[in-house]
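Undergrad: Here is what each chain is made of, one letter per residue.
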Amino acid sequence: MNTTDLSTVGAGFSDLAIGSQAVFRAALEALSHPGRIVDLPHDAAVPAHGHAASAALLLALLDPDCKLWLSPSLATSDAAAWLRFHCGCVIVEDPSQAQFAWIAGDDEAPALDRFAQGSDTYPDQSATCVVDVPSLADGADVEGWTLRGPGIRTQTRLCVDGLPQERARKLIAQRAAQQAAFPRGVDLFLATEHQIVGLPRTTRIELEA
Amino acid sequence: MFHAFDNHPPADRPPARAQWMATLARAPLSLLEPALGEHATCAPQWLRAPETGLMMVQGRAGGTGERFNLGEVTVTRCALRLSGVAHEDAAVGVAYVLGRSHRHAQLAAVADALLQDPARQDALDAQLLAPLRQHLARERVQRQARAQGSKVEFFTVAREAGGADGDEEESE
Chain X
260 MNTTDLSTVG
270 AGFSDLAIGS
280 QAVFRAALEA
290 LSHPGRIVDL
300 PHDAAVPAHG
310 HAASAALLLA
320 LLDPDCKLWL
330 SPSLATSDAA
340 AWLRFHCGCV
350 IVEDPSQAQF
360 AWIAGDDEAP
370 ALDRFAQGSD
380 TYPDQSATCV
390 VDVPSLADGA
400 DVEGWTLRGP
410 GIRTQTRLCV
420 DGLPQERARK
430 LIAQRAAQQA
440 AFPRGVDLFL
450 ATEHQIVGLP
460 RTTRIELEA
Chain L
6 MFHAFDNHPP
16 ADRPPARAQW
26 MATLARAPLS
36 LLEPALGEHA
46 TCAPQWLRAP
56 ETGLMMVQGR
66 AGGTGERFNL
76 GEVTVTRCAL
86 RLSGVAHEDA
96 AVGVAYVLGR
106 SHRHAQLAAV
116 ADALLQDPAR
126 QDALDAQLLA
136 PLRQHLARER
146 VQRQARAQGS
156 KVEFFTVARE
166 AGGADGDEEE
176 SE
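Taken in order, these protein sequences are the chains called X and L.
Okay, so the first sequence: first residue is 260 according to my numbering, each after it adds one.
Okay, so the second sequence: first residue is 6 according to my numbering, each after it adds one.
Extracted from the complex, chain X is given alone in its bound form (with noise of 0.2 Å):
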C-alpha cells in the first residue's frame, strides 16, 4: 500500500455538488459545439503542475471506478497525487487502459491509437484525453485549423497558439486516420488555463497553412 504525502495537496471544491457541476455544464457545453471557447469556472485549489482548467475538468469527470492516464510529467507531479486524493481514481501506466487521460504541454504525447478507442457495439468504452495548449483563439478570421462536423453549422475556425506546428499536424493527421473508425474513437479536450474547448470524435479538423 503506497501512501501519498497530503502536505502538498491542496483543496477540491468548496462545493462538491455545485463545483462539479458548474465544470459538467461547461464541458457539456464545450462537446456539443465542438471548437467553441468555453469559460470553466471553478473554486479549486488545483496542482501547481498541468493547467488549471484541465485539473478542474478532470476533478468534476473522474470517480474511483475511473482509471487515468498522465503523461511523464504530470505522472511525477503533485498533480497525480491531487486527484487521487480528490477522486480515487486509479493511475495506470498503460494508456490502452484508460478511460481519461491528461496531456500536459511539454510532454510528447502518444499516438491517439495508444488510447482505447471503444468497440462497434461499445464507442463509450473508449478513452477522453485532455490535452493542455498554451492558448486558444476563434473567430472567422484567426489563421489555424478549420472544423466541420455535428453540432457546427458550416464549418468554424479555431486558433491554437502555441503548440508546435509538428505536433498540430500529427495531431490532425492521427484524428482523420481514425475518422475511418467510427463510432470508434477517441474524443479530445483542449485546455488553457482558463477555458477548454471540445473536439469529440466526429468533429473533422483541416489545418490550414
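Each hint should be verified, as a subset may be incorrect.
[Unchecked claim] Residues from chain L that face chain X, not an exhaustive set, calculated with beta carbons under 10 Å:
| hint | residue |
| --- | --- |
| 1 | Gln50 |
| 2 | Trp51 |
| 3 | Leu52 |
| 4 | Arg53 |
| 5 | Ala54 |
| 6 | Arg86 |
| 7 | Ala96 |
| 8 | Val97 |
[To be verified] Residues from chain L that keep clear of chain X, each with C-beta distances beyond 10 Å, as calculated:
| hint | residue |
| --- | --- |
| 9 | Ala30 |
| 10 | Cys47 |
| 11 | Ala135 |
Worth flagging that the hints you see were computed from the coordinates, not collected in a lab.
For glycine and all other residues, C-beta sits at the position ideal for the given N, C-alpha and C.
Since the structure of chain X is provided, determine the placement of chain L on it from the hints.
TA: Okay, now just chain L, sitting in the frame of chain X:
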C-alpha cells in the same frame, strides 16, 4: 477491538501517529471537545469535508485463516488543514471514525493536525491523549468486568470406560 495491525507500519511514517489516530477515533466527544479548547471552534480549511460512507471490515478466523468479509461498518472521514497556518508547512489532519458524527471526525482530525507539530506534541499528549487513554482503559476494564460476571465454565463429563459406539476415534 483490534489493537494489532495486520501489516507492519511503513518505515517512513512514525507508528506513534497510527496509535494516536486510533485513540482519537475511539474518544468520546465529551472529552475531545473541552481538551481542544479554541481549536475546536475555529473553522478549518477543508481538504475533504466530513463524509459518511460504508467500509468493508475484513477478518481472519483465529487470526491466521484466510481473510473474509465480516460486514460493513459506517465510517465518517475527513481531512483538513488548520486555519491560520501557512499553506506550505501546514500539517494535514486526517480522521476516520466509526459512526456518523461529523463533529467527531472533525475534532479527531484537528487533534491529529496539532499532534504532528513537534512543539505542541508533548503538551497535547498530556492534556488530551493521556486522559483519553485512561478513559479507554477504564471502559475496557468495565466491559471485561461485565463480561466476567456472565462467565460460564464448560466442562466435559468423562465417559466411563468400556465405551459405547461413539468412541471409535479415541480407541484407535
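Undergrad: For every hint, state whether the structure bears it out.
TA: Now the hints, each set against the structure:
Nearest Cβ of chain X to the Cβ of glutamine 50 of chain L: about 7 Å, under the 10 Å cut. The hint holds. With 10 Å as the threshold, the beta carbon of tryptophan 51 of chain L comes within range of chain X, its nearest partner Cβ sitting at about 6 Å, so the hint holds. Annotation: interface hint on leucine 52 of chain L holds; nearest CB of chain X at approximately 5 Å, less than 10 Å. With a least beta-carbon distance of about 7 Å to chain X, the hint placing arginine 53 of chain L at the interface is held under the 10 Å criterion.
With its C-beta approaching chain X no nearer than about 8 Å, alanine 54 of chain L sits inside the 10 Å limit, and its interface hint holds. For arginine 86 of chain L, the interface hint holds, since its Cβ comes within 10 Å of a Cβ in chain X; the closest pair sits about 8 Å apart. A least Cβ separation of about 7 Å between alanine 96 of chain L and chain X falls short of the 10 Å threshold, and the interface hint therefore holds. For valine 97 of chain L, the suggested interface contact is upheld, since its CB lies about 4 Å from the closest CB of chain X, less than 10 Å.
Non-interface call for alanine 30 of chain L relative to chain X: holds, since the shortest CB-CB distance, roughly 17 Å, exceeds 10 Å. Every Cβ of chain X is farther than 10 Å from the Cβ of cysteine 47 of chain L; the closest lies at roughly 16 Å, confirming the non-interface assignment. Listed as a non-interface residue, alanine 135 of chain L keeps its Cβ farther than 10 Å from every Cβ of chain X; the least gap is roughly 27 Å.
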